[in-house]
Amino acid sequence: MKKLLILGSGCGGTMIAAKMRKLLAEKEWDITIIDRDPMHHYQPGWLFVPFGIYTPGDCVKPKAEFIPKGVNFVLDTITNIDPKNKVVSTKEGKYDYDWIVIGTGCRVVPEEVEGMMDDWRGDIHDFYTPDGAAALMPKMHEFTKGKLILNIAETPYKCPVAPLEFLYMADDFFKKRGVRQNIEIELVTPLTGAFTKSVANKILGGLCKEKGINIVPNFVLDSVDTKNKALVDVMGEEINYDLLVSIPPNFGQQVLEDSGIGDAMCFVPTDNHTLKAEEHENMYVIGDATNVPTSKAGSVAHFECDIICENLFAEINGDAPHHKFDGHSNCFIVTSLEKASLIDFNYDTEPLPGKFPLPGIGPFDLLGDTRMNYYGKQMFRWVYYNLMLKGHELPFEPNMYMAGKIDVRKNK
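Going by the numbering used here, the first residue of the sequence shown is number 8, and it counts up by one from there.
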């Protein structure tokens, strides 16, 4: 019996298990997935918790619901990965493998920023964790006057548009409560603007200007002075805040670096196109655990999953891993409590206007600001649980825009 081992049953690992179980005969292949957490977190939902739209309970379900029949689910903590001998150790045992897929995700590490932990969950909060989102909720409802800063400590970080979504929703949230005129809202970022891609940056940055959200670019955070409530950059510049919403540094799992397969930020060096680990045999990497230069987001893991499964199946059958990932990502971007935008891009093509998924028809607007896009964002939670995690094809597959089958520039 040959063995496929999957580390992590988040978005990426769960989809890999579902698709590979359909491709590999149960009589010939044992598939095991290992994770330390019994609950599956719908991470995009955490964004809505501080505004009272979702509760933390709306964003969690037992992982056992999504593990496909014929896949072993091991609830345990991974302590070591030995790619030379193809063995993974956990607190409770050891598991050998023929092929392995790393899908261990990433984590926030606020302790990497000097001073940040001195007032963590006081006047410094995050919404990138379920506990953080829940703790921020009463703060947002109590905040009626002062300066709200959202700071991105460094790149990369999960879901690059989430900070903008939070700010757009905060603007609308405070307006509806009648206190917006008493509150300054500011994005303090190491980026050169609101977003990394020029066309999207112009549009999303323009939305910030329309909403009175100030952007401080090129701010490289060094420390937080909690006594004086100030962010301090590497040049000594200070920016004061009353309530700080932080996107702390994002690292991969510590066990990856400890096992010698992760870089200094605990991400696995991964081929940008085949998604194989660059330095280790019979190993693929998916989602936030990779260091590929695209978004750390669920949609990326979804598109990566197809490529990994195709390449893994090809190699198992003696072929080369000839399927190529192009960096495809798409994402609904909430622009208020009622509207949203949508972006679709890859390594080479930046977000551009158009209709999605049907050219000229939609129903969603690329880089538009519509109620339909907002409905799409909310509908996605159902799609995620009922289609993506179970390995089903989605309506916008195959990758029509990024595969070059449709020129998005003409899709108006």
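Bear in mind the hints are in silico, worked out from the structure with no lab data behind them. Since we're looking at a predicted model, the values are computed, not measured. Quick reminder that beta carbons are idealized off the backbone N, C-alpha and C, glycines included. Check before you lean on any hint, since a few could be wrong.
Taking CB as the label site, the calculated pair distances span [unchecked claim]: (1) THR86 <-> PHE320: 27 to 33 Å; (2) ASP65 <-> TYR354: 41 to 47 Å; (3) ASN247 <-> LEU30: 54 to 60 Å; (4) ALA321 <-> LYS34: 29 to 35 Å; (5) PRO370 <-> PRO224: 18 to 24 Å; (6) ASP103 <-> LEU82: 15 to 21 Å; (7) PRO45 <-> LYS146: 26 to 32 Å.
Derived pair list, reagent style DMTMM-like, types lysine to aspartate or glutamate, alpha-carbon separation capped at 20 Å [what the hints assert, rightly or not]: (8) LYS331 <-> GLU264; (9) LYS283 <-> GLU264; (10) LYS346 <-> ASP326; (11) LYS29 <-> GLU322; (12) LYS331 <-> ASP270; (13) LYS216 <-> GLU244; (14) LYS93 <-> GLU217; (15) LYS183 <-> ASP138; (16) LYS146 <-> GLU119; (17) LYS9 <-> ASP240; (18) LYS9 <-> ASP103; (19) LYS331 <-> ASP372; (20) LYS10 <-> GLU33; (21) LYS68 <-> ASP125; (22) LYS397 <-> ASP313.
Here is how each hint holds up against the structure:
1. THR86 <-> PHE320: 27 to 33 Å: The hint (27 to 33 Å, Cβ to Cβ) holds, given that THR86 and PHE320 are roughly 30 Å apart.
2. ASP65 <-> TYR354: 41 to 47 Å: With Cβ atoms ~34 Å apart, the hint is violated.
3. ASN247 <-> LEU30: 54 to 60 Å: holds, 56 Å
4. ALA321 <-> LYS34: 29 to 35 Å: violated, 21 Å
5. PRO370 <-> PRO224: 18 to 24 Å: The hint (18 to 24 Å, Cβ to Cβ) is violated, given that PRO370 and PRO224 are roughly 34 Å apart.
6. ASP103 <-> LEU82: 15 to 21 Å: holds, 19 Å
7. PRO45 <-> LYS146: 26 to 32 Å: holds, 29 Å
8. LYS331 <-> GLU264: violated, 27 Å
9. LYS283 <-> GLU264: holds, 17 Å
10. LYS346 <-> ASP326: Outside the cut-off at roughly 47 Å; violated.
11. LYS29 <-> GLU322: holds, 16 Å
12. LYS331 <-> ASP270: Not OK: LYS331 and ASP270 at ~23 Å, beyond 20 Å, violated.
13. LYS216 <-> GLU244: Violated: LYS216 and GLU244 sit about 23 Å apart, past 20 Å.
14. LYS93 <-> GLU217: Roughly 55 Å separates the two Cα atoms, so the pair is violated.
15. LYS183 <-> ASP138: violated, 25 Å
16. LYS146 <-> GLU119: violated, 24 Å
17. LYS9 <-> ASP240: Distance ~52 Å between LYS9 and ASP240 Cα, so the pair is violated.
18. LYS9 <-> ASP103: Answer holds: LYS9 to ASP103 is near 10 Å, not above 20 Å.
19. LYS331 <-> ASP372: violated, 27 Å
20. LYS10 <-> GLU33: holds, 10 Å
21. LYS68 <-> ASP125: violated, 33 Å
22. LYS397 <-> ASP313: Roughly 13 Å between the alpha carbons, so the hint for LYS397 and ASP313 holds.
Comparing the model with each earlier hint shows violations of hints 2, 4, 5, 8, 10, 12, 13, 14, 15, 16, 17, 19 and 21; every other hint is respected.
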